[in-house]
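Student: If you're matching them up, the sequences are chains A and B in order. If you're matching positions, the first sequence starts at 226 in my numbering and goes up one per residue. If you're matching positions, the second sequence starts at 226 in my numbering and goes up one per residue.
You can trust all of the hints, since none of them are fake.
Now the stretches of chain B that chain A is said to cover, found in silico as 3 or more residues with beta-carbon under 8 angstroms: (1) 519-526; (2) 529-536; (3) 590-601.
DSS-like, lysine-lysine: derived pairs with alpha carbons at most 25 angstroms apart: (4) K570(A) / K508(B); (5) K379(B) / K379(A); (6) K280(A) / K411(B).
No lab work stands behind these hints: they were computed from the structure. Predicted model, so just to flag it, every value in this text is computed and none were measured. Just so it is clear, CB atoms sit at the ideal spot from N, CA and C, and this is done for glycine as well.
There are 2 protein chains.
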Amino acid sequence: MKNPILVPELRELLQKKKKRVLRSFLEDGHSKEVAEFLCMLNTDEIWDIISLVDKYRRSEIFSYLDMECQINLALELSNKDLSELLMSMSSDERTNFFHHLDRETANRFLLLLPIHDRAEVIKLTSYSEETAGSLMSTNYMTLNENDTVEKSIKLIRKFAPSKETIYYIYVTDDEGKLIGFVSLRKLILSKPGQKIGNIMKKEVLFARVDDDKEMVARLIEDYDLIALPIVDANEKLVGIITHDDAIDIIREEETEDLEKLMAISGGVEEKAYLDVPAFVHFKKRAFWVVILGLFALVTGLVIQHFKDTLQSLIILTFYMPMLNSAGGNTGSQSATVVLRSLALKELLPGDILKVIKKELFVSFFLSLCLGAIIFARVYIFSNPESFPPNISVFSVAVVISLSLTLQVLWATIFGAIVPLFATWLKFDPAVVSSPLLTTFVDMGGITIYFTVAKIVLGV
Amino acid sequence: MKNPILVPELRELLQKKKKRVLRSFLEDGHSKEVAEFLCMLNTDEIWDIISLVDKYRRSEIFSYLDMECQINLALELSNKDLSELLMSMSSDERTNFFHHLDRETANRFLLLLPIHDRAEVIKLTSYSEETAGSLMSTNYMTLNENDTVEKSIKLIRKFAPSKETIYYIYVTDDEGKLIGFVSLRKLILSKPGQKIGNIMKKEVLFARVDDDKEMVARLIEDYDLIALPIVDANEKLVGIITHDDAIDIIREEETEDLEKLMAISGGVEEKAYLDVPAFVHFKKRAFWVVILGLFALVTGLVIQHFKDTLQSLIILTFYMPMLNSAGGNTGSQSATVVLRSLALKELLPGDILKVIKKELFVSFFLSLCLGAIIFARVYIFSNPESFPPNISVFSVAVVISLSLTLQVLWATIFGAIVPLFATWLKFDPAVVSSPLLTTFVDMGGITIYFTVAKIVLGV
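Sequences are here, hints too, so could you generate the full structure?
Tutor: This is how it looks when you write it as structure tokens:
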């Protein structure tokens with residue numbers, strides 16, 4: 226979307242004071258596109274341009290600027306301009322803006338807000354980042370159940386410019402408790418004289434300020450909502466979360482899960498990859514790499530324990546990568562499939578026996594496949610002269626294919642039940658990341674391998 | 226949400242013909258919740274209950290039933306009832322329904338639709354599953370630019386019940402070409418006498434029927450849209466995709482990427498995990514498990530090539546799991562981070578030198594950490610008596626830690642550049658799944674390991 230060619234043109238329009246053209250640029254485009262162009266100008270220029278439109282449009286465009294650009298611009302504005310800008314921002318964007326300020330600047334900016342808004346910013350920034358409260362907007366529209374449709378539409382026309390959405394309008398009682406909602410669609414279709422109380426839906430889906438934000442996104446997703454109302458501990462309506470917030474939550478959750486699955490620790494970075502210093506990348510990755518490396522040293526100790534077996538039959542080493550690969554891949558696959566089904570609520574931890582049964586069948590077929598391949602490889606292509614005199618090629622082929630079969634069975638079942646147990650114990654099942662799982666599967670696999678060799682071949 | 230206690234109560238209400246109570250149950254709840262309850266009744270009962278509400282509500286609830294339940298119910302309805310039901314369904318839900326019918330049933334049901342609807346179903350089901358066309362709804366609202374606001378609101382009141390959304394209304398010219406859009410919000414805020422042409426936004430974001438559906442979801446996400454219009458090759462408006470569809474696309478994409486990353490092939494199953502037969506699970510997993518197993522056999526050949534080195538210094542085997550783990554994990558991590566940044570458009574393939582520079586720093590720190598740990602482990606805890614007389618513990622510790630350092634450098638850089646190359650070659654970078662990457666990293670790692678040992682120790 227970025228088109229740097231426009232920057233000189235914008236500058237020219239600004240110098241020639243072609244306000245009408247500039248204004249139509251600001252009003253016709255989507256605020257996000259406009260903001261992307263503006264970001265390439267310097268802060269004075271940005272302000273000169275966005276001053277041309279009304280305060281709501283101005284603060285909307287402002288919210289779409291890069292956070293860095295927002296802060297730089299805010300720092301250069303007069304108190305009066307900044308105060309008006311902050312007051313007309315939607316509350317969730319404003320909370321986000323304050324989240325990114327250092328404490329001193331935040332305190333200075335807070336003083337520019339009227340007491341009511343100031344209290345709101347302090348309250349909203351105090352919610353934990355994982356909760357609905359931290360994301361909600363307080364710019365929602367409410368009506369009284371005794372209002373008529375006609376009066377409601379008048380109220381909407383009056384207050385709409387400052388509201389995040391007017392497509393869902395919430396109905397509250399005198400104490401501010403949520404008692405229903407009405408969509409703008411329903412309102413348009415109803416007769417002017419009807420009472421809101423008679424046309425509203427009383428069964429309202431809602432979430433609480435301290436509910437997990439992922440649960441909120443899930444509700445919006447499942448019920449195809451445009452917005453979900455958020456209530457406090459006293460059931461009072463205090464905010465809304467909209468469909469676009471839900472998408473952002475889902476995307477963030479996706480990155481988080483992916484990073485967990487690839488053993489990258491810490492929260493999701495807000496900055497782009499190249500903007501994050503190398504040492505920060507290192508810190509996020511080092512923890513698991515070191516932990517998993519230490520576990521791999523334990524697997525090494527298992528090998529060391531069987532060193533006599535290995536010394537007399539060095540061929541066993543040649544098939545360690547295959548054993549490792551088959552175990553790691555089948556284990557990760559079953560873990561991924563089960564994890565996904567748990568996340569989509571298709572499975573519950575109580576389904577463990579059904580899962581084991583299913584995975585036993587799957588791993589039976591998989592191990593048959595792999596076992597046959599490796600048996601053929603060992604039996605046909607091995608050089609019997611490199612074996613001790615009392616050991617036949619056939620028996621070695623049996624040992625290796627049998628171990629592989631057992632390894633695949635073990636890995637598949639282990640991969641499937643670990644996420645179930647994690648869920649049952651109320652852990653986030655994704656913490657049992659694929660690399661951690663693979664490490665344990667490998668440890669088990671090596672033990673199976675050498676034990677089978679020792680028993681069958683007696684070495 | 227499921228609450229089976231209600232089923233007997235519903236049955237009782239039905240037997241006692243308490244139509245008013247049943248109707249309020251159907252009208253007050255969210256269609257999804259209502260559908261979940263109804264699914265537990267038999268088809269006759271479901272129909273008796275949903276017949277109580279008007280045809281639009283009825284078909285909305287119908288669309289939320291399980292696909293199996295929808296088909297069973299449809300098969301038992303009279304032609305007249307089914308025809309009315311299909312005609313009042315929203316077009317995207319209807320397309321989805323026809324997608325799930327066998328050819329014979331689909332043809333039979335098609336005959337129940339008027340010629341115009343029939344042509345539409347045939348056209349919509351013909352779009353490839355990955356395109357915008359296959360998902361779009363044709364139940365959108367259009368206006369003419371010469372209509373006044375007052376007339377438009379009258380039109381909306383008339384046509385709203387059959388439309389998917391009335392919050393965005395599209396403006397078309399006499400040939401049906403998309404020339405602008407107006408939000409219901411804007412309409413409510415405008416004066417009754419204003420012309421649509423004067424209040425509409427002319428800069429409309431849109432997609433084409435054959436655009437990839439993931440791109441459509443990305444537009445809705447980036448611009449916080451409620452709906453995106455879809456045009457055909459002649460720029461004529463032919464459908465819309467709504468915010469809830471975008472969430473579904475994002476979720477499906479997420480599952481797909483995750484499965485690719487875990488080497489599970491084939492498309493995403495629509496059925497739940499337990500409902501998919503074991504053999505289908507097997508087929509989706511076998512391909513990559515076998516391919517990767519074969520690659521691992523090649524790694525085994527590399528080990529075999531160095532078998533003399535190994536035989537004289539069996540200690541090298543003990544650290545193979547550590548080398549394997551460090552390479553696999555650091556490689557997967559850098560691949561994951563780069564993949565994610567590519568998907569979020571933070572990185573372009575042209576940034577390759579910047580990425581290499583960043584990853585060189587990260588892997589430098591990582592290899593320092595791991596190298597130090599393994600040097601200490603080998604130097605302090607090894608038993609020199611098991612070594613050949615001409616080889617010191619110190620030199621073995623140097624070989625192992627040096628190999629590990631090189632392995633981490635190689636794995637990190639390889640993991641980072643492979644997704645960049647894949648993107649540059651217009652492959653989906655996620656096909657370079659983590660297990661495939663790990664396999665190559667391991668192959669390289671083993672070669673590095675034994676080559677270093679051979680050169681430094683001369684064994």
